[in-house]
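Using the sequences provided together with the hints, build the complete structure.
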Amino acid sequence: MSKAPLDKATFEAIEAYVLDRMSATERGAFEQRLVLEPDLRAELELGREHIRAVELGGLTRTLRTIAEQENASGSQGGSGWGRYIAYAASIALLVSVAIWWATRPPLNERLYAAHFTPDPGLPVAMSATDDHVFADAMVYYKEGRYGEAAQRWAPLLQQDPSNDTLLYYTAMVELVNGDAGSAMARLASVSDGSSTFKSRARWYLFLIHVKRNEIEQARALQLGTDTMYGERALRILSQLGE
Amino acid sequence: MLRSLYAEHFPTVRAMVLQNSGSANDAQDIFQEAISVLWLSVKEGRIIPEVDPGGYLYRVAKNKWLDTVRSAAHKHMKVVHDERTLERPSDVPDDIEERIVRLRGVYEKLDEKCRTVLDRFYFERKDLSTIAEELGVEEESMRTIKYRCMMKLRAFRNVIRGEEHEV
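Protein chains in written order, with our numbering: chain A, 1 to 242; chain B, 243 to 409.
Hints are computed from structural coordinates only; laboratory data are not their basis. Where hints are given, some of them may not hold.
[Stated by the list, open to error] What follows is a set of in silico ranges between Cβ atoms, one per label pair, in the way DEER data are often shown: (1) D39(A) with K368(B): 26 to 36 Å; (2) K285(B) with A42(A): 16 to 26 Å; (3) K355(B) with M228(A): 31 to 41 Å; (4) E214(A) with R367(B): 26 to 36 Å; (5) E250(B) with Q151(A): 46 to 56 Å; (6) E354(B) with G230(A): 33 to 43 Å; (7) A4(A) with Q261(B): 52 to 62 Å; (8) S246(B) with P123(A): 42 to 52 Å; (9) D353(B) with E216(A): 48 to 58 Å; (10) L19(A) with E375(B): 12 to 22 Å; (11) R312(B) with S194(A): 52 to 62 Å.
Being a predicted model, the structure only gives us computed values, none of them experimental. Every residue gets a Cβ at the ideal spot worked out from N, C-alpha and C, and that includes glycine.
Pasting the structure below:
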């Protein structure tokens with residue numbers, strides 16, 4: 001880690017990343033920087049620790065306050081109505097927690113929902129490419145107009161069925177639309193080769209297996225050693241009891 | 243959430259501590275430690291969030307209290323024997339308490355003003371404009387104060403990494 005001062009913009013980018021306050025596009029760009037900049041990775045680790053220390057400090061202070069209030073209310077006894085209202089409120093809280101508990105989706109689906117964000121897309125510079133159909137579609141994709149993007153990519157993919165970029169981004173659109181089955185086949189084909197999308201394709205395959213509760217298949221991808229996604233993958237497997 | 247955890251599970255822990263020669267204040271300290279262990283373990287994905295919080299808190303609290311009781315200062319205390327409590331709970335990460343101590347050490351380096359600002363932003367998750375209004379400063383100044391406070395923590399990086407000497 002560099003001993004030089006950390007500029008405010010980098011600090012705020014790290015903070016936004018840790019607090020999950022980045023858009024999908026910003027997050028993707030930041031993660032690409034992390035792959036290339038070891039100093040930034042070290043700063044991220046340190047920033048995460050600092051925030052954790054502050055959160056723990058806040059938790060400790062809050063617990064002390066609660067304990068003091070409980071002591072005070074215990075010594076005062078409290079009025080009959082006060083006790084009744086507190087009792088009713090705690091029953092209401094328990095009931096609402098119980099309803100939420102009973103109706104929430106299974107853990108694997110919640111983990112998928114928590115970790116899935118579509119790839120932010122590729123930079124598209126005007127006149128930087130001859131393939132204007134692909135570039136136009138990428139603009140649609142980045143604007144979240146996934147259907148229109150896929151519609152424009154479909155004929156290109158028909159002409160060049162092994163094009164990894166088209167396969168990968170078409171799979172992204174399918175995932176966004178909830179068609180994990182089709183996405184899986186395309187991502188598997190990208191992840192088998194030497195594509196620049198290989199690591200990302202394996203991450204999305206991992207998430208699909210998590211969503212389908214296919215934990216053995218998710219584990220078999222051995223994503224734990226992946227520089228970019230290893231930590232998150234291991235955390236998910238740990239949460240799933242693997 | 244914290245308040246409901248406290249209301250629901252503290253009485254059981256207090257009863258256990260009182261039964262084992264402890265005081266009400268001891269029970270509160272032990273319970274707060276147990277909540278900190280639970281919070282950090284869940285936050286860092288070390289345990290499944292679905293774990294029964296009451297059972298987990300009780301196991302951690304009981305284990306910690308028995309450690310305290312066994313220590314030299316408390317050898318005169320009478321302990322109600324319970325074989326189930328003699329082993330460390332398997333779902334409590336080995337290094338979690340050491341980590342809590344280290345993180346608290348970092349937090350203690352902050353002055354009161356920084357704690358106030360950072361608590362509200364990172365723990366209470368209030369936005370900067372709200373904190374600025376509460377503390378009577380401009381939002382941009384608040385942004386700078388927050389940045390400077392976090393840079394003070396950065397200066398203690400060797401402490402947070404558990405190294406022997408501060409920079």
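Status of each hint after checking the structure:
1. D39(A) with K368(B): 26 to 36 Å: holds, 31 Å
2. K285(B) with A42(A): 16 to 26 Å: holds, 21 Å
3. K355(B) with M228(A): 31 to 41 Å: Once the Cβ atoms are compared, 38 Å apart, the range 31 to 41 Å for M228(A) and K355(B) holds.
4. E214(A) with R367(B): 26 to 36 Å: With a Cβ separation near 35 Å, E214(A) and R367(B) satisfy 26 to 36 Å, so the hint holds.
5. E250(B) with Q151(A): 46 to 56 Å: holds, 54 Å
6. E354(B) with G230(A): 33 to 43 Å: Since the Cβ atoms of E354(B) and G230(A) sit about 40 Å apart, the hinted range of 33 to 43 Å holds.
7. A4(A) with Q261(B): 52 to 62 Å: At roughly 56 Å between Cβ atoms, Q261(B) and A4(A) fall inside 52 to 62 Å, so the hint holds.
8. S246(B) with P123(A): 42 to 52 Å: Holds, since S246(B) and P123(A) (Cβ atoms, about 48 Å apart) stay within the stated range.
9. D353(B) with E216(A): 48 to 58 Å: Because 52 Å falls inside the window, the suggested range holds.
10. L19(A) with E375(B): 12 to 22 Å: holds, 20 Å
11. R312(B) with S194(A): 52 to 62 Å: Because 59 Å falls inside the window, the suggested range holds.
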